[in-house]
Amino acid sequence: MSDIHALETNLDLKQNLNVYANCKQLDILHLIFNIFDGGLQADLTNYKVRLKAMKADYMLLIQDTQYTINKNVVTIMPDEQLTTTSGTTKIELQFINTKTGEKKATFNLTLKVIPSVLENERTISTATYTLMDELENKLDKAASFFENINKAIDANTTLAETTNNANTSNTNLNTTISAGNTLKTALDGLNTTANTTKSNLDTSNNNALATKTALDTSNSNAAATKTALDASNTTANTTKSNLDASNSTANSTKTDLDKSNANALATKTDLDKLNTTANVTKADLTTVNDKATVTKKDLTDINTTANSTKTDLDAENVRAEANITAMESFGDITALSKNVTNLRAEVETARGGESDLDGRMDKIATQLSDNTQKIAQLSNPNLLINGDLQIWQRGTSFSSSGIYYSADRWKVDAGGSGGVTHSISKQYDDVYKNFIRITTTGYANIWHQIEQAELDKLKGKTVTLSFYARKLSGNFVSANFRLYGTYIDGNTLTTNWARYVITTTIPLDATSINIGLVNFVAGQGGSAVTWDIAQIKLELGSIATPFVPRLYAEELALCQRYYETIQYSVVQPTTATGQVVRAIYNFKTIKRTTPTVVLNDGYRGGFGLPTLLSYANGAVGVQATSTSVFNGSEFSGSINADSEIY
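Using the UniProt record's numbering, you'd call the opening residue of the sequence shown number 1 and step up by one each time.
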C-alpha cells in the first residue's frame with residue numbers, strides 16, 4: 001500500500017501566498033489548511049472550498065468541492081489521480097460564497113510528485129482506467145473512419161458523371177456568350193463616340209473651374225498671411241505673459257520658502273523651550289516624589305514610635321491612676337500627695353506630647369496628598385501617531401467601500417452587501433478639537449497598525465488605551481473596541497462624549513498588534529449608524545493619564561514618514577524639441593520603507609507627459625521631453641509617496 005502523506009499549513013485570506021509541497025508517486029494525500037483573516041481565525045460560514053488540479057500541460061485532473069470545513073479548518077482527501085503520475089501538479093484552492101457565488105480568495109499550490117516504482121499487487125488507478133477508455137473510443141472512431149472512406153469513393157464516381165454533363169452544358173453556354181459579345185462590341189463603339197463628346201465638354205468645364213480655383217487660392221494665401229502675422233503677435237504676447245508669471249511664481253516661491261524657514265526656526269525654538277521645561281518639570285517631580293517617599297517613610301517611623309509611646313503612656317497612666325487610688329486610701333499624707341501631684345504633671349506632659357505628634361502627622365498627610373495630586377496630573381507620552389486626528393493629507397471626506405487610509409495612520413475597511421453607503425469625515429468642536437465621524441449602513445472598521453520595532457518595545461508590558469467616543473444615532477448589530485484581545489462593547493456608547501479605557505498586557509510571543517479602535521459589523525436592519533471618536537492614546541502602564549496633543553509640525557513630520565504629497569513645478573526654456581528635462585525632489589522626511597509612488601499630471605506647456613525618473617525612501621525624480629521651442633516651457637503636478645502598512 002502507498003503511504004498517507006499529510007500536509008498542514010496556515011493560509012491568510014489577505015495574503016495570497018504560494019504554497020509548495022512534495023510527495024511520492026501514488027501517495028494518499030491528506031491536506032489540512034488553517035484559514036485566517038488578517039491574523040484572526042476566518043469565519044467560513046456560508047463558504048465552500050473548490051480544489052482544481054492540473055498537470056504542467058494544464059490538462060485537468062480534478063475539480064471538486066466536496067470537502068470538510070470545520071470552523072476555520074479545511075480538510076481535503078483528494079482523489080488518487082492527484083499522485084498517479086509523477087511531475088508537477090498545479091493546484092488552485094478557491095473560497096466561494098455559497099449565497100452570492102463571489103470568490104473571497106484564491107491560493108496557488110504547487111505539488112511536486114516524485115516518481116516511484118508501482119507495487120506488484122497494486123490495482124490499476126482510476127486515472128489509468130480513464131486513459132484506457134479514451135484509447136478505446138479513439139480506436140472505434142478510426143474504424144468508422146475507414147468505413148466512411150469507401151462511401152466517399154462511391155460518391156466521387158457519381159460526381160465525375162455529373163461533371164461530364166455540366167461540361168456539355170458549359171459549351172452551349174459559351175456559344176451563346178460569344179454572340180452576346182459581338183452585340184456588346186457594337187454598343188461599345190457607340191458609347192465611345194458619346195464619351196468623346198462628353199470629355200470635350202468636361203475639359204471646357206475644368207478650365208473654367210481651374211481659373212476660379214486660382215483666384216480662390218490667391219485669396220486664401222492672403223488670408224493665411226494675415227493669420228500667421230496675428231499668431232506671431234499672439235505668441236509674442238503669450239511668451240511675455242509666461243515670463244512675467246514665471247518671475248512672479250519664483251518671487252512667491254522665495255517668499256513662501258522664507259516664511260517656511262522662519263516658521264521652522266520658530267517651531268524649533270518652541271520645541272527646545274518645551275523640552276527644557278519638560279526636563280525641569282520632570283526633575284522637580286522626581287525630587288518631589290523622592291521627598292514624598294522619604295516623608296512617607298519618616299511618617300511611618302514616627303507613627304510607629306508614637307503608637308509605641310502611646311501604648312507605654314496608656315500603661316503608665318493606668319498604673320498611675322491605680323497608685324493614686326491606693327495612696328488616697330491612706331488618707332491625707334503630705335509626702336504621698338506631693339508624689340501624686342508630680343505624677344499627674346508627668347502624665348499631662350506626655351498627653352501634650354501626644355497631641356503635638358498628631359498635629360505633625362496631619363501636616364505630613366496633607367503634604368503627601370498634595371504631592372499625589374501633582375503626580376496624577378503628569379501625562380505619559382502617546383505611543384500612537386496622529387492620536388488627536390489633526391493630520392489629513394489625503395483629504396477630509398471619504399465615501400467609498402474598500403480598504404484605504406483616511407486620517408493619517410488610520411486605516412478604514414468599509415463595505416457590506418447591497419446598496420450600502422458610508423461617510424468618513426473630519427469634524428471639529430471646541431472641547432475635543434479634531435475627531436472622526438463615521439456614518440454607515442453596512443460596516444466601517446478603523447484601526448491603527450504599529451511597526452514591529454515599536455511592538456518589540458511593548459512585549460511583556462502592561463499598556464492602556466484610552467479615547468473619547470459617542471453614538472449620535474442608530475444601533476449596532478455587533479460592535480466593539482479592541483486592544484489585543486481585550487474588548488469594550490460598542491453598544492455601551494451614549495449620545496454624550498465619554499472616556500473609555502482598556503488595559504491589557506502584550507504577550508512576549510506577540511507578532512503583530514492592531515489598535516482596533518472600532519470593529520463595527522453593520523447597522524441594525526441596514527439603517528444608518530453615526531458615531532464619533534477623538535483623543536486616542538496608547539501608553540505604558542495601567543493608568544490612563546491626561547491626553548496632551550503634539551505640536552502640529554511635530555505630528556506632521558511623524559505622519560510624513562508614512563505618506564507625503566509633493567507639488568512639483570519645472571520651468572525650463574527649450575531650444576529644440578526632444579530635450580529631456582529632469583528634476584529631483586527630496587522627501588521632507590525619510591520614508592519608513594521604499595514607497596509606492598504615483599505621479600499625478602497637472603499643467604504642461606511645451607512638454608510631453610511627465611514620467612517618474614527614479615525613487616527611493618529619501619527622494620524621487622521626474623522627467624519630461626520638450627515638444628516645442630518656447631522660453632516659458634513648464635510641466636507641473638503632484639507626487640504621492642506611500643510607505644504605509646497595509
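These are calculated hints, taken from the structure and not from any lab test.
Check the hints yourself; a few may be wrong.
[Said to hold, decoys possible] Once the Cα atoms are required to be at most 20 Å apart in a straight line, the calculated EDC-like pairs of lysine to aspartate or glutamate come out as:
hint : residue 1 : residue 2
1    : Lys52     : Glu8
2    : Lys14     : Asp154
3    : Lys411    : Asp362
4    : Lys14     : Asp37
Tested hints:
1. Lys52 x Glu8: Roughly 18 Å separates the two Cα atoms, so the pair holds.
2. Lys14 x Asp154: violated, 68 Å
3. Lys411 x Asp362: violated, 54 Å
4. Lys14 x Asp37: At roughly 6 Å apart (the allowed maximum being 20 Å), Asp37 and Lys14 satisfy the hint.
Going through the hint list in order, the structure does not satisfy hints 2 and 3.
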